[in-house]
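Undergrad: From just these sequences and the hints, can you work out the full model?
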Amino acid sequence: MEGGIRIKNEAKLLRRLKDGESAALGRIMEAYTPYVAAIVRNIIDPPLHEEDVEEVVADVFLALWRNADDVGDGKLCPWLAAVTRNRAKDKLRALHLTLPLEDDAVELAVEGPETEAVRQEAILVTKEAVDALGEPDRSIFRRYYYLYQKTDEIAADMGLKPSVVRNRLSRGREKIKKELLKRGLCNEAEYG
Amino acid sequence: MKLSMADLSEKCFPMNVMIGKEDADLTARVKARVLAEIEAESKPEGSKDSVAHIRSRRFVRIALAAALILSFGLVAYAISCIHAVRQQDLRAELHMDQHPTESYVEYEVPDEPAPGTVLLSAISDGEFQIVYVNVSPVTEEEVAGYPEKPTSFYWKIIGSDLHGFADPWFRPGTGPINTPEELLEVVRRDAYDAQTQTLTLCCRIFSEPLAGFLENRGSAGAELELFLAEDYIAVKSFGRVSLAPTEEERRSFDFGGVIYIAGATGEEMELVGLELTPISAVWRLRFAEAEAAFVGNDPELQRVWANEADRISRKTKIVFSDGSGFSPNGALHLSYEDGVVSCYSSWLRAIDIHDVQQITLDDRILWENR
Chain A
1 MEGGIRIKNE AKLLRRLKDG ESAALGRIME AYTPYVAAIV RNIIDPPLHE EDVEEVVADV
61 FLALWRNADD VGDGKLCPWL AAVTRNRAKD KLRALHLTLP LEDDAVELAV EGPETEAVRQ
121 EAILVTKEAV DALGEPDRSI FRRYYYLYQK TDEIAADMGL KPSVVRNRLS RGREKIKKEL
181 LKRGLCNEAE YG
Chain B
1 MKLSMADLSE KCFPMNVMIG KEDADLTARV KARVLAEIEA ESKPEGSKDS VAHIRSRRFV
61 RIALAAALIL SFGLVAYAIS CIHAVRQQDL RAELHMDQHP TESYVEYEVP DEPAPGTVLL
121 SAISDGEFQI VYVNVSPVTE EEVAGYPEKP TSFYWKIIGS DLHGFADPWF RPGTGPINTP
181 EELLEVVRRD AYDAQTQTLT LCCRIFSEPL AGFLENRGSA GAELELFLAE DYIAVKSFGR
241 VSLAPTEEER RSFDFGGVIY IAGATGEEME LVGLELTPIS AVWRLRFAEA EAAFVGNDPE
301 LQRVWANEAD RISRKTKIVF SDGSGFSPNG ALHLSYEDGV VSCYSSWLRA IDIHDVQQIT
361 LDDRILWENR
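Chains as they are written, first to last, in my numbering: chain A, 1 to 192; chain B, 1 to 370.
Heads up, a few of these hints could be off.
As the list claims (entries may be wrong) - Listed next, the stretches of chain A that the computed footprint assigns to chain B, with coverage defined by at least 3 CB atoms under 8 Å from CB atoms of chain B:
hint, stretch
1, 21 to 28
2, 53 to 62
3, 80 to 90
4, 114 to 128
As the list claims (entries may be wrong) - Quick list of in silico lysine to any residue cross-link-like pairs, SDA-like style, CA-CA up to 25 Å:
hint, chain 1, residue 1, chain 2, residue 2
5, B, Lys-11, A, Glu-114
6, A, Lys-182, B, Asp-7
7, A, Lys-150, B, Ser-4
8, B, Lys-21, A, Glu-10
9, B, Lys-149, A, Ser-22
10, A, Lys-182, B, Gly-20
11, A, Lys-150, B, Lys-2
12, B, Lys-11, A, Glu-179
13, A, Lys-12, B, Gly-20
14, A, Lys-127, A, Leu-169
15, B, Lys-11, A, Leu-133
16, B, Lys-11, A, Pro-34
17, A, Lys-91, B, Gly-20
18, A, Lys-75, A, Glu-55
19, B, Lys-21, A, Asp-90
20, A, Lys-91, A, Glu-10
21, A, Lys-75, B, Glu-22
22, A, Lys-150, B, Met-18
23, B, Lys-11, A, Arg-183
24, A, Lys-75, B, Met-15
25, A, Lys-18, B, Arg-33
26, B, Lys-2, A, Thr-151
27, A, Lys-161, B, Lys-21
28, A, Lys-175, B, Ser-4
Think of the hints as simulated: they come from the structure by calculation, not from any bench. These numbers come from a predicted model, not from an experiment. Idealized CB from N, CA, C, for every residue including glycine.
TA: Following this line, the structure appears as C-alpha cells:
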C-alpha cells in the first residue's frame, strides 16, 4: 500500500494527543496498528506468538502516549516506525533472541571510545548513499532494511520480479559499502 | 564492531510506504489494552495500583498483609459465588430442572478470582446459540451508561465476521420496560453485582453461520471475545473463552398441508408444519404471495404476511399430558426458502417437547398424540 499518511487531520489529532485526549490516541491506533504490527512481524519472524506481537504493538502506542511531545508535525509515521523497530528488537533480546547478522554486515574501522562517533557518521553516510540511489533501488533498499520487508513482499508491492529486487538490493549494498570504505569508516576486508 | 546494513539504515525511513493489512481484531485488542493501561495510570494515589506498588517494595507490614489476604479471600469467595449464583438463576429461570434438555450446557466456573470472561451456560434453540457469560470488571459508571447506549457490550467470534450486541441478562417475566431508568434498575437487579463488578450478559449467535465458520476451519470450537464499547468503539476487552456449540434438540410436527384462511387477507395459507425446540418454535407456512413478498422484496406484502404469521404463532396452543397449555410468543422474524416461509419465535422458559399431546390453532386440532 502506497501513501505516507493513513489518516486525515493527523496534525490536529497529534495536537489533541499532546493535550492528553485518549480518544485521539484511539483514532491513531485504529489507523496505525496494521502498520506497526507489520513491522513487528517482519522483525520477529517467524512470529513467536501473536501475544508477543500484540504486546510490542501496545507498548509502541503507550510510548507514543507518554512521549507525544517528542513527535514533530508530520513525523508521526517515522516516529512510530523508529520506536517499533527498537521495541521489537528489545523484545527479541528479552526473549534471548537476536536478529541474524547478515553476510553484508560491516566492520567499523575503529574500536574503543570513538566507536559511537564512527557509528553515527556511518549511519549518516549510509543515508546519503541511499538517498543518492535512483528509483526503484532507493525504495527497495528502504523497505528491506528499514521496514524489514521480505524480498517477495517488496516485489509484490512494487510490481517487480523477486530476482530483480534481490539484484537491486545487492547493487545498493555494494554502493554503500564502497562509500563507507571511501570515507574510511569500514575495514577494507569487508568490501569486495 | 560489526553493524548490519539494517542498523546502518536507521535513518532511511521510507516516507511514502505504508505496509500492513487491516486487522480489526488486533486493533481492538491493542486499543483495549492501551486504553486500560492509560486509565490505570491516571488513577489517584491510594488506589489498588499504588497498593500493589507498595507491596512490590515489600514494605507492607504483617498486619496489612493479613488484611489484604483476608480481603482477597472474601473477593475470591464472592466472585466464585456470583458465578455459581448466576448459573443457578439461569437454570431456574430456564426451567432446566423441570425440563432438562441436551441443548443446555452448564460450564464449570473457576474458583480463582480473575478479571475477564467466564462462561456460565449455553443453550441452542436451533436458530441461535444463546450463551450466558459473566464479565468483569465493569464499573458502576459503565453500567449506568448502558441504558442510553453510550456504553454497550458486544461479542465477537474471533477470526470471523460474526459479532453482535451482548445484552445484560434479566429474568423472564419482567414487565414492560419503558424508560432508560427502568432498564437500569432491571440491569442492577438481575445482571450486575456491584461488589465484584460483575455483569451477566447474554450473547445470541446465529447457529448456521457459526456452524459454517467451524466447518470451514475444521474446528469443533470457536473463540468468543467480549468487549465494552463507548460510542460503538471498543475500549475494553474482557478476554476470550473457548466455545463449542451445544447439541440441538428439536421435534418436528407435520400437519400435512392443512389449509388455513388468513384473517387479514382472506386468502388461503398452507400450514406445512411446526418445529419445536425447548425454547423456540418455527412455523413452516406456504402461501401464494410468498414469492412476491420475499423474493420480490415487497415491504407492504411482507408486513401483511408477517402480521398474519405473528397472529398464528400467538394463537397456537401446545397441550401437555398434565392438561396444561402453552402458547408461543409472537413472530420474531421470517425467512423464505423454496416456497416455504419460516416464522421463528422464542421464549426463555423451557417446555418438554417430548410431552406434547396436542397442537391447536384457533381451537382447530392440527396434531394429536394417538
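Undergrad: All the hints need checking, so say for each whether the structure fits it.
TA: Verification of the supplied hints:
For the stretch 21 to 28 of chain A, the stated coverage by chain B is satisfied: 3 residues place a CB nearer than 8 Å to a CB of that chain, which reaches the threshold of 3. With 6 residues having a Cβ less than 8 Å from any Cβ of chain B, the stretch 53 to 62 of chain A passes the three-residue criterion, so the hint holds. Here's how the stretch 80 to 90 of chain A fares: 3 of its residues keep a CB closer than 8 Å to some CB of chain B, so the rule of at least three is met and the hint holds. Using a Cβ-Cβ cut-off of 8 Å, 7 residues of the stretch 114 to 128 of chain A lie near chain B, which meets the minimum of three, so the contact claim holds.
Among the hinted pairs, Lys-11 of chain B with Glu-114 of chain A is consistent with the structure: their alpha-carbon atoms are about 20 Å apart, no more than 25 Å. For the hint pairing Lys-182 of chain A with Asp-7 of chain B, the CA-to-CA distance comes to about 19 Å; that is within 25 Å, so the pair holds. Proximity of Lys-150 of chain A to Ser-4 of chain B is assessed by CA-CA distance (about 16 Å); at most 25 Å being required, the pair is judged to hold. Restraint check for Lys-21 of chain B and Glu-10 of chain A: satisfied, since their Cα atoms lie roughly 20 Å apart, inside the 25 Å limit.
Under the criterion of a C-alpha separation no larger than 25 Å, the hint pairing Lys-149 of chain B with Ser-22 of chain A is consistent with the structure, at around 20 Å. With a CA separation close to 37 Å, the supplied pair Lys-182 of chain A and Gly-20 of chain B exceeds the 25 Å bound. Proximity of Lys-150 of chain A to Lys-2 of chain B is assessed by CA-CA distance (about 22 Å); at most 25 Å being required, the pair is judged to hold. Restraint check for Lys-11 of chain B and Glu-179 of chain A: satisfied, since their Cα atoms lie roughly 16 Å apart, inside the 25 Å limit.
Of the pairs offered as hints, the one joining Lys-12 of chain A and Gly-20 of chain B holds, with about 24 Å between alpha carbons and a cut-off of 25 Å not exceeded. With a CA separation close to 15 Å, the supplied pair Lys-127 of chain A and Leu-169 of chain A stays within the 25 Å bound. Between Lys-11 of chain B and Leu-133 of chain A, the direct Cα distance comes to roughly 15 Å. Compliance with the 25 Å bound is thereby established for this hinted pair. About 22 Å separates the Cα atoms of Lys-11 of chain B and Pro-34 of chain A, which keeps this hinted pair within 25 Å; it holds.
The hinted pair formed by Lys-91 of chain A and Gly-20 of chain B meets the criterion: a straight-line CA distance of about 20 Å does not exceed 25 Å. With a C-alpha separation of about 23 Å, the suggested pair Lys-75 of chain A and Glu-55 of chain A falls inside the 25 Å cut-off, and the hint holds. Only pairs whose Cα atoms come within 25 Å are accepted, and Lys-21 of chain B paired with Asp-90 of chain A is accepted, the gap being roughly 24 Å. Our distance criterion of 25 Å between C-alpha atoms is broken by Lys-91 of chain A and Glu-10 of chain A, whose separation comes to about 29 Å.
Annotation: proposed proximity of Lys-75 of chain A to Glu-22 of chain B holds, straight-line Cα distance about 22 Å (limit 25 Å). Annotation: proposed proximity of Lys-150 of chain A to Met-18 of chain B holds, straight-line Cα distance about 14 Å (limit 25 Å). Restraint check for Lys-11 of chain B and Arg-183 of chain A: satisfied, since their Cα atoms lie roughly 18 Å apart, inside the 25 Å limit. Taking the CA atoms of Lys-75 of chain A and Met-15 of chain B, the gap is near 10 Å; set against the 25 Å cutoff, the hint holds.
Between Lys-18 of chain A and Arg-33 of chain B the CA atoms are separated by roughly 20 Å; this keeps the pair inside 25 Å, and the hint holds. At roughly 23 Å between alpha-carbon atoms, Lys-2 of chain B and Thr-151 of chain A fall within 25 Å of each other, so this suggested pair holds. Straight-line distance between C-alpha atoms of Lys-161 of chain A and Lys-21 of chain B comes to about 22 Å, which keeps the hinted pair within the 25 Å bound. As the CA atoms of Lys-175 of chain A and Ser-4 of chain B are separated by approximately 15 Å, the hinted pair is consistent with the 25 Å bound.
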